[in-house]
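With the hints as extra help, turn the sequences into a complete structure.
In order, the protein sequences belong to chains C and S.
For the record, in the first sequence the residue sitting at position 68 is 64 according to my numbering, with numbers rising by one throughout.
One gets my numbering by counting positions in the second sequence from 1 and adding 181 to each.
Just so you know, the hints here were simulated from the structure itself, not pulled from any lab data.
One or more of the hints may lead you astray.
Straight-line alpha carbon distances no greater than 27 angstroms define the calculated BS3-like cross-link-like pairs of lysine-lysine that follow [to be verified]:
#, chain 1, residue 1, chain 2, residue 2
1, C, K39, S, K284
2, C, K39, C, K63
3, S, K220, S, K284
4, C, K39, S, K220
5, C, K39, C, K85
6, S, K288, S, K226
7, S, K284, S, K242
8, S, K223, C, K39
9, S, K242, S, K226
10, C, K39, C, K50
11, S, K223, S, K288
12, S, K226, S, K284
13, S, K223, S, K284
14, C, K85, C, K63
15, S, K288, C, K85
16, S, K226, C, K39
17, S, K220, S, K242
18, C, K39, S, K288
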Amino acid sequence: EVQLVESGGGLVQPGGSLRLSCAASGFTFSDHYMDWVRQAPGKGLEWVGRTRNKANSYTTEYAASVKGRFTISRDDSQNSLYLQMNGLKTEDTAVYYCARVLQQGRIDYWGQGTLVTVSS
Amino acid sequence: DIQMTQSPSSLSASVGDRVTITCRASQGISNYLAWFQQKPGKAPKSLIYAASSLQTGVPSKFSGSGSGTDFTLTISSLQPEDFATYYCQQYNSYPLTFGGGTKVEIK
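Here it is, written out as structure tokens:
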């Protein structure tokens, strides 16, 4: 069974940093691209970014709203995905989901999400 | 960036109704279109990919169609468990983008 479990959310002040983790199980993590998607309270879904797999040099893509502030990384030996968030703004407050990506580029499984609150 | 516009943003329907949600892309995306269902307080769930292919385990009352810029999600006979918010997403090009969502409520 595919499982994705996010952790690391919490309350952080504007300008601060936070690192989210996503623990994957039930599939060959190293084969897959992985996404982060977020959802501000009461709002819709916003794609944050993607990491490709080793075969594609772990290259990354980001939404313009987070580029230069957020970094996606992965540790295939630990079946883990990370989102390093720096320079946090109040508008980054959201539930952050990790998601598995299939070869066609589509998401098929989502984690349960972790809440990040940016507030003074 | 490709803008995804869903309509309506909300609708009220009764159990047993046939419901159609539309999603329009600001430029052609071939069939790189997915639909997700989200219930309050829960993670989204994949329903449809490649515009019309059903995700494994999703009941056949859900169907998708379209190509290019215009897409639809149809629920053939609405059941209580289908009341949720539905999102389309294009995965043709970066940045990936979602529609604003359609909330399906009980009439």
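Hint check:
1. K39(C) - K284(S): Answer holds: K39(C) to K284(S) is near 12 angstroms, not above 27 angstroms.
2. K39(C) - K63(C): With a Cα-Cα distance of about 21 angstroms, the restraint between K39(C) and K63(C) holds, given a limit of 27 angstroms.
3. K220(S) - K284(S): Given that 27 angstroms is the threshold and the Cα spacing comes to 10 angstroms, the pair holds.
4. K39(C) - K220(S): holds, 13 angstroms
5. K39(C) - K85(C): holds, 17 angstroms
6. K288(S) - K226(S): OK: K288(S) and K226(S) at ~24 angstroms, within 27 angstroms.
7. K284(S) - K242(S): holds, 18 angstroms
8. K223(S) - K39(C): holds, 14 angstroms
9. K242(S) - K226(S): holds, 15 angstroms
10. K39(C) - K50(C): The hint is violated at about 34 angstroms.
11. K223(S) - K288(S): Distance ~22 angstroms between K223(S) and K288(S) Cα, so the pair holds.
12. K226(S) - K284(S): Holds, because 15 angstroms separates the two Cα atoms, which is no more than 27 angstroms.
13. K223(S) - K284(S): Judged against 27 angstroms, a Cα distance of about 14 angstroms means the pair holds.
14. K85(C) - K63(C): Given that 27 angstroms is the threshold and the Cα spacing comes to 13 angstroms, the pair holds.
15. K288(S) - K85(C): Violated: K288(S) and K85(C) sit about 39 angstroms apart, past 27 angstroms.
16. K226(S) - K39(C): At roughly 17 angstroms apart (the allowed maximum being 27 angstroms), K39(C) and K226(S) satisfy the hint.
17. K220(S) - K242(S): At roughly 18 angstroms apart (the allowed maximum being 27 angstroms), K242(S) and K220(S) satisfy the hint.
18. K39(C) - K288(S): Roughly 23 angstroms between the alpha carbons, so the hint for K39(C) and K288(S) holds.
Figure legend: structure checked against the earlier numbered hints; hints not met, in rising order: 10, 15.
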